[in-house]
Amino acid sequence: MTQTSDRARQRAQARAQERARDLSLLLGVLLALLGAVLLGLYYLALDGGAAPRLAELALARLPESGVGNPVTAVLVNYRAFDTLVELAVLLAAVLGIWSLGPAPPGFQRSGAVLAGMVSWVVPLLIVASGYMLWVGGYAPGGAFQAGALLGAAGVIVRLAGDPTAGLPAEATQRWLLVLGVLVFALVGLGLMLFGAGFLTYPPKLAKWLILLIESAATIAIAAALAAAYVGGRPAPSKAAIDDYGSDSSP
Amino acid sequence: MSQPALLLAFDAVLLATLLALALAAVLSPEPRRAVMLFIAFGLWLSLVWARLHAPDVALAEAAIGAGLGGALMLAAARRAARAARSNDDEAAG
Amino acid sequence: MHLDLLTDPLVLCIMLPLLGAVLTAALPRRAVLLGSLMAVATSAAAVTLTILVWQSGTLRVALGGWDQKLAISLRADGLATALVVMANIVGLGISVYASGYFRDPERMRAFWPLWLLLWAALNGLFLAGDLFNLYVMLELLGIAAAALGALTGSRDAIAANLRYLLVGLLGSITYLLGVALLYTAHGTLDLDLVAASIAADDELFAVNAATLVLMVAGLALKAALFPLHFWLPPAHANAPAPVSAALSALVVKAAFYLILRLWLDLFAPVTGMAAAMLLALLGAAAVVWGSWRALRAERLKLLAAYSTVAQIGYLFLFLPLLAATPAGPVRDSLLAALVLMAVTHGFAKAGFFLATGLVQTNAGHDRIDDLGGTAQRLPATTFAIALSGSALIGLPPSGSFIGKWLLMQCAIETGQWWWVIVVTTGTLLAAAYVFRVLSRAFGLEPTPLRFITDARAEIPALLLALVSVAVLGLASGPLWTLLGLQAGGDA
Amino acid sequence: MSLDLGPLLPGAIVLSSMLPGVLIFLVDEESHLLRTLLNLFGAVLKLVLVGVMIWGVWRGEVFESRLDIAPGLELVLHADALSVLFVSLSTVLWLITTVYAIGYLEYSVNRSRFFGFFSLCVSATVGIALAGNLLTFVIFYEILTLATYPLVAHRGTPEATRGAKIYLAYTLSGGLLLLVGAVWLRTLTGPVDFLAGGVLSGMPASMHGELVAIFVLLLAGLGVKAALVPLHGWLPQSMVAPAPVSALLHAVAVVKAGAFGILRVVFDVYGVEFAAELGLLAILAALASLTILYGSVLALTQDGLKKRLAFSTVSQVSYIALGASLLGPIATVGGMVHLVHQGIMKITLFLCAGNYAETLGVHKVSQMDGVGRRMPLTTLAFSVGALGMIGIPPIAGFVSKWYLGLGGVTAGQHWVLLVLAASTLLNAGYFLPILYRAWFRPLPAAWENEHRFQTRFETMGALLWPPVITAVLCLLAGLFAAAPVSPLQWAQLIARREYGL
Amino acid sequence: MTAQFLYGGAGLILFVLGLWSFLVHAPLLRKLIALNIMGGGVFHVLIAVAYRGDGVPPDPVPHALVLTGIVVAVSATALGLVLGARMQAGEREG
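Chains as they are written, first to last, in the numbering used here: chain P, 16 to 265; chain G, -14 to 78; chain R, 132 to 622; chain V, -5 to 495; chain Y, 40 to 133.
No lab work stands behind these hints: they were computed from the structure. Please note that a few of the clues may not be correct.
Unchecked claim - Some chain R residues close to chain V (C-beta under 10 angstroms, calculated; not the full set): (1) F233; (2) M404; (3) A407; (4) M408; (5) P527; (6) L569; (7) S570; (8) R581; (9) S607.
Unchecked claim - Derived lysine-lysine pairs resembling DSS-like cross-links, with alpha carbons at most 30 angstroms apart: (10) R:K200 x P:K219; (11) V:K301 x V:K159; (12) V:K159 x V:K358; (13) V:K358 x V:K301; (14) R:K200 x P:K222.
The structure displayed is predicted, hence computed values, not measured ones. No residue lacks a Cβ here, since even glycine has one placed at the ideal position from N, Cα and C.
Working from the sequences, and respecting the hints, build out all of it.
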């Protein structure tokens, strides 16, 4: 009796699986069609499109931008506003993560090898990050890459067992997180207040203002990425962390 | 073989690998494996972008997309695996 | 010191809330004070902007002083400004309400910066003149909205908002693919320039049309157009009340605004009657299905959320009518009616959700059938529900009454009389679900002594509801002026 | 120095009760005095303003307020002879009902809510009366629906909410039909103000089909409130409301608004001659006659006093529609004057019914034995109203029936006499037994639920005098029908203008 | 032009592949991977469009867009993962 019902259930399950497979196949065929259409359109767009697009213009205006790396020029000058909002996106994500509660405890005790690695990898990453930031003005690199490297240092520290990922206490950390948007916004609004227009750098100051913004952005990006990896609001005190840890450990 | 043709073949291999990695990442049902494949995909993607003269983006993708994104996903995958294990334990005990 | 009055408010509308978000994030203990100050400042900037646009027409600025082609432009035309002023007044109301809503200080601190980021994203979205900037704003909006929606921390809320986040990402990535294709084809990201390029070149018709489909599909997902609305009701119904108000009244509206912008400005030469008819059919289905589900909803907030699905549907009914009407005062009136309905819904739904939140805190739940005398104990709140409810139904005097009147008039004039049936069906269903709630206000409960019980929460709800009814319903003429349209749409 | 009241007065008349109404919502529940003052202030102010307006209209002045609610959509309040008729009726009766309601409800619960909506309700009615175009009419018509809903549901009992729900379902659906009709008409004609003699007669014949369809929509929308059979279902259900609300529904506002709308559409939109040409009057006449007879028959079978009065309303209000459906000035006069006469007679009856319920706990006809001896003044007033309804001279109702019958004969529609005769017999059939019981049956040993008020009269003053006053008005309207500003004279003025005589 | 089409085409295929995976796979992690692959596909199209042959400097504008896009994508991924983790935790507690 139970055997037959089991078998019936298995059969039903198999049928459901089959249906799901059929459905996903059907979807696959439809999407393949979509892909073909997209390819055709993309070809048409490339073929009939406005070939140089913004390339020539962006490169031609490069000397006025205050930096030598065209991508940095676009990021922090031509389309600086995008970058500002993007930093806000990062901030929103971290604040969103924080709003969901305190961070889970660091779940790994550091092995000797890892701890040894931290002692030389982290300084290396910090130096590399600084280099990346500086070099971004005229060669590949810039705030994002630098911030990512610095953030990666934080991730490694966290992996090595420090639950804070090397980040300071909450109050300071908050300032680090907002630093990018804050400096960007203040520079932009300051320029507006002095008549240059929002985010319109005077050519003479452009290089330094961009460096200032990029430095702040680097710190903010690094802090945000590390904080995102921590995965929650920093715990208020050491004692609280210990409590949490003792609760969850067997 | 002429140089453009060689380059084209090189491009084709690059892209085929990229698509294969993506397909593997998408099809892998095991979380940790999927994330590993995704990281590989991201790194390969940055390689392709370097080939397309986009070193800035390639760096960023390697560091942020594949690196940090991958690390985040890996942690999540580990958590998921642990949760699944503890659920199994509960079920067993 | 130098102030350029013509472009500064444009920038300030986005930067002030952004700055506010930074400050409230950095100084969580003073979040309420700083947040409220920035909310007031932002609204003031928005009102200034409105006055400027009113006086001198469309404002635009290419940021950074670069060529329009290279730079990111901000622009405020009538359509954008109408939505900005709505969003900012509603935002101010939500801010006042929220300052007294959260009991838990942690939630209060988490709320403010995210809310101000959301606000910045809204203004940015309305004012952006650049395709990619719109994408970044969309993402900021989506992330901030999902984070805010999950603020109650309940499992349902987190699940719903996770889904919302994923769906939003899907929508915005699809939109971004459209941007990539447009850049490939037209070589710029500036809205006006792409529009000019599309208008000038019909060789790329297929590309443009397909891009339109792609972008509208992505945005319809975010605007919760039937049948892509599945994510909305749980997400909006489980958020804290001020957040629900912002999500339903403003965030969905922003996605719709973007569709409208693309439809009317960017892709005008490409759009056709068939596509408009398809969208309107989906809109009609949304009206009927959303209203029906609202009627069947067990919870008050779920009812309000489904009502949003229906109300978004109405907006899509205008598209085939716009397509069928030649340029002129009649079409202008139709366009104004469309904006009027969107704006009215913004005010009404915000008022409705804020009032609903009060009912929920007062009763401890929001199951409609068990509300008993809660509504009767809160006269001002019930009034807010009644006023905003009548705007949702489209009863006079309310902005949506005028909107529906003009919609039906145009539907009959252009021979598309079937929309009249949709509108009347939707109106009846809306009346049924609103009065299903209002009938709870009459019970054998003891009499409340005062009209207002909690001024900080009730007055914003009441005022927002009142605007949707009395201001927009009795004096909507200024909207025509703001939109720069010819008045007097009778022919 | 003279203030030009022309563009202000109609708006002021609407606001004179609307603003106090809004303020009343804000009044604390226990502030009896403030609320009463606001109520009476609004009512008296409105009466004064209406007096000024009557004086002005009599002298031929034009009163018109206009407000653009959107380009092309204009809110127009305009005082013409027909609107003055309805405005005066509702303003006078509102004052009386307010006094009555204060007495009736001031010691129950949720008074601020009640009186707030009470004031909004009369504001909407006055707005309907003064509406200068169909858009304005629709707006106030819907507001009236919304403002009366809370009044019907006021008691909060399950029956009350059920009655209110039914009321709402009927009136909102009707309102929607009206709206669609109005929108449709507008697509054909553009914005059109009401005009004596109608505005549509110049429409080309190709549009006549559409115009008939629109008329059917409008009639269906208005017929709901006017309780034309088969759209009358809500009226008996909403009898659960407190007595002043019933009075308001039946005599002052809701039902009247429907009937008034029918008059407006027939006379000032289509024009009575054009409507006859399209064959619309025949439809209306058939519906009205059916309603008159059907309502009376049902009234006969009711034991509940208010229910019986409700069905009587169904029947009596259709006299107005009947008057509108007969071509010729005499029938028109009959219909128009009945707008007023039915109002004052029916309010008398309802206020009396409220008194019986409040003082003695009597709700049914079968409990009314001997009430005349216990409450002679109230019963006297009731008798005047009832006899007037039957059509006994010299009470107001006789005048209406006389003109209607005469109008029917002049129009060559002799069947009207049959309808009137049958209706009169039926009226007698359901009213005379009540009077018989009240005056000639012995008193019961004890009343159901008797209240003794601290007064030397049979009941509280605020409850007693309003019906007495309206009963006197019924007599005066009948006795002095030939006097210069009597309802009859005013109706004749309107008819002369409508027919261009 | 050939390389542009080849690489961009691969991007489109990635987009479609990600879309398919997003629609048919339920687990959060797989959905996020799918979204990231979709995003990667779109970025790939942009980078391909920016590419103008080996001797010519590429168009920096799409590069900057992609950089921005990468950060946005990682932000969204991080939030999504934490939301997922909280939901899981809630499930275990409940």
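Going down the list of hints, with the structure as the test:
1. F233: violated (28 angstroms)
2. M404: violated (20 angstroms)
3. A407: violated (21 angstroms)
4. M408: violated (21 angstroms)
5. P527: holds (4 angstroms)
6. L569: Holds: closest Cβ of chain V sits about 8 angstroms from L569 of chain R, inside 10 angstroms.
7. S570: Status holds, d = 5 angstroms.
8. R581: Holds, about 6 angstroms.
9. S607: holds (4 angstroms)
10. R:K200 x P:K219: OK: K200 of chain R and K219 of chain P at ~24 angstroms, within 30 angstroms.
11. V:K301 x V:K159: holds (18 angstroms)
12. V:K159 x V:K358: holds (24 angstroms)
13. V:K358 x V:K301: holds (9 angstroms)
14. R:K200 x P:K222: holds (23 angstroms)
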